[in-house]
Amino acid sequence: MSPTIYTIMLSSLATGTIITMTSFHWLMAWIGLELNTLAIIPIISTLHHPRSTEAATKYFLTQAAASAMILFSSMINAWNTGTWDITQMSFLPSNTLLAVALALKLGLAPAHLWLPEVLQGSTLLTALIITTWQKLAPMSLIFLSANNLPPMILLTLGVISSVTGGWAGLNQTQTRKIMAFSSIAHLGWMASITSISPNIMIMSLMIYLIMTTTLFSSLIFSKSKTIQDTTTTWTLSPTLTITTMLVLLSLGGLPPLTGFLPKWLILEELITQNMSPLALMMAMSALLSLFYYLRLTYTTALTLAPNTLQMKFKWRFKPTTPPALMAFSTLSVFLLPLTPLILS
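In the numbering used here, the protein residues as written are 159 to 502.
Simulated from the structure, these hints should not be mistaken for laboratory data. Built from N, CA and C at the ideal position, the CB exists for glycine as well. Treat the hints with caution; some may be incorrect.
Pairs of lysine-lysine, DSSO-like flavour, derived with a Cα cap of 30 Å [to be verified]: (1) K421 with K383; (2) K335 with K383; (3) K381 with K335; (4) K216 with K383; (5) K216 with K335.
Have a look at the derived ranges for each label pair, beta carbon to beta carbon [said to hold, decoys possible]: (6) A482 with P200: 19 to 29 Å; (7) M179 with T254: 42 to 52 Å; (8) P435 with N238: 34 to 44 Å; (9) F182 with P435: 33 to 43 Å; (10) L501 with P435: 21 to 31 Å; (11) M186 with N357: 16 to 26 Å.
Kindly generate the complete structure, drawing on both the sequences and the hints.
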């Protein structure tokens, strides 16, 4: 794809998301979602490979179905209440349908099966866009309609997603699929807190975006597509090895790293609301996710291939680690002490 066309596609992608995030009328939100979907289809299928074509087709079908359900739910609401305002969704069947549609749009379990397949069929850069930027528009709709969406459905989706994201990621060897299940698990945590504290949900989303962008950037820089590929990261850049290890542990939610902050606040809020069994299930599911993060950490930072002292290290010839990656790494690791500032 030529740089001009690629730029146009990325601009359309950004425009679609911004239209959805800034609209209060359901039709404008739907137009933004459609523009967003149509812009990313050519980006997914740039490889001209059967797998990328298949990924683009799966993505289009799921997103088109979800957008149609969103439009249908808003039409039912407008028919019954006379308003197209996103914040005024007061008709229960519409809210239920909207929750299901947004779950499909985001890839929340049990409507998650398209996400790992789409990521596996696209490049690492496209996978980064799908797991970060493409979550903004649906999450903004969830935030706007948080007071009206059925809490029971959101909590159920949240628990199922966090457990599925942990359980299904255990058996994966491809880094893109691991990141897909990581995304499902993190979105499950966000869904479970939405109806209780939308502000914590937004904070969790921001931290998730920072950590996922950092990890994908390091995978792109080291060209690691499988767990086996990560074992040679140390030859490329020792700095990258250390930062990747810390970011993976942060994604796992270990204190005193940034990733501990959203999990801590969400569990605390759930327990405050007398939802201790739910909080226990979420915490146990985090252990499942932590296992495959630790496995990646082990292969990246703690394994060395047999080598001699005469071996030529790549980092001697190309010692630079991208400055943007280092900046994101810092945010992904050291934000926990700023918790009072973030909450205020």
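Evaluated hints:
{"no.": "1", "hint": "K421 with K383", "in the structure": "28 Å, holds"}
{"no.": "2", "hint": "K335 with K383", "in the structure": "10 Å, holds"}
{"no.": "3", "hint": "K381 with K335", "in the structure": "15 Å, holds"}
{"no.": "4", "hint": "K216 with K383", "in the structure": "21 Å, holds"}
{"no.": "5", "hint": "K216 with K335", "in the structure": "15 Å, holds"}
{"no.": "6", "hint": "A482 with P200: 19 to 29 Å", "in the structure": "25 Å, holds"}
{"no.": "7", "hint": "M179 with T254: 42 to 52 Å", "in the structure": "23 Å, violated"}
{"no.": "8", "hint": "P435 with N238: 34 to 44 Å", "in the structure": "35 Å, holds"}
{"no.": "9", "hint": "F182 with P435: 33 to 43 Å", "in the structure": "37 Å, holds"}
{"no.": "10", "hint": "L501 with P435: 21 to 31 Å", "in the structure": "26 Å, holds"}
{"no.": "11", "hint": "M186 with N357: 16 to 26 Å", "in the structure": "25 Å, holds"}
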